[in-house]
Amino acid sequence: DAGVIQSPRHEVTEMGQEVTLRCKPISGHDYLFWYRQTMMRGLELLIYFNNNVPIDDSGMPEDRFSAKMPNASFSTLKIQPSEPRDSAVYFCASSFVVSDTQYFGPGTRLTVL
Amino acid sequence: GDSVTQMEGPVTLSEEAFLTINCTYTATGYPSLFWYVQYPGEGLQLLLKATKADDKGSNKGFEATYRKETTSFHLEKGSVQVSDSAVYFCALSDLAQGAQKLVFGQGTRLTINP
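Here the protein sequences line up with chains A and B, keeping their order.
For the first sequence, the numbering used here begins at 1407 and goes up steadily by one.
For the second sequence, the numbering used here begins at -1 and goes up steadily by one.
What the hints contain is simulated information worked out from the structure, not anything from laboratory work.
Keep in mind the model is a prediction, meaning the values are calculated, not measured.
Treat the hints with care, since some could be wrong.
Label-pair ranges, simulated between beta-carbon atoms [said to hold, decoys possible]:
1) E1489(A) <-> P8(B): 26 to 32 Å
2) Q1423(A) <-> G(-1)(B): 31 to 37 Å
3) P8(B) <-> T1482(A): 31 to 37 Å
From the derived model, a few chain A residues whose C-beta atoms are all more than 10 Å from chain B [unchecked claim]:
4) Q1423
5) D1469
6) P1487
7) Q1508
8) G1511
9) G1513
Heads up, the beta-carbon is just placed ideally off N, CA and C, and yes, glycines get one too.
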């Protein structure tokens, strides 16, 4: 299996622009997680899905952030409009069942100028 | 709420030294405990886990024992290598709080010098 795939790997954009991050989970996994990693705040869970349905989005920082999972093999995390404080590495992870091992993608490094 | 506390880094050791990275947790239920490792430029990957008290997780020469009495899950390795240089994260999932939420410690950066 190719593992969790994320794109792009690096994104540089200007403040106010829309940013879309993409994730393809491991085939057959029914949970998908979006995390954000910064030096100041460490790893934060933003939102997770079960069978394409959002279960908990309490970690989404504000309304500028939105996430979708239109099917079992694709999810997006969108930031609109982006701000410099959104600069971070965003990870997607997937797992088979609750409490099982989460498999992480390589991350997208986002820089908002 | 649940939380994980790791020893602060960075930690720098010489090759073949003994490694301990401390991890303690707070949880209301009976959590599963994990160590994840993040190599430079990569995502996190599971290093080892333990699902109940007194369980020992082990992988690649690393070990950690689930100690309920001390609420700890310290990571150890008898002889580290340069290739072990990475950031190590302790984490828990708690069925009582919704196990799907992995709660991570702040991470400990480890550098091994040849």
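Status of each hint after checking the structure:
1. E1489(A) <-> P8(B): 26 to 32 Å: holds, 30 Å
2. Q1423(A) <-> G(-1)(B): 31 to 37 Å: The hint (31 to 37 Å, Cβ to Cβ) holds, given that Q1423(A) and G(-1)(B) are roughly 35 Å apart.
3. P8(B) <-> T1482(A): 31 to 37 Å: For P8(B) and T1482(A) the Cβ distance comes to about 35 Å; the hint holds.
4. Q1423: holds, 25 Å
5. D1469: Correct as stated: the minimum Cβ-Cβ distance to chain B is 22 Å, above 10 Å.
6. P1487: holds, 27 Å
7. Q1508: Check fails; 6 Å does not lie beyond 10 Å.
8. G1511: violated, 5 Å
9. G1513: G1513(A) is in fact no farther than 10 Å from some Cβ atom of chain B, at 5 Å.
Figure legend: structure checked against the earlier numbered hints; hints not met, in rising order: 7, 8, 9.
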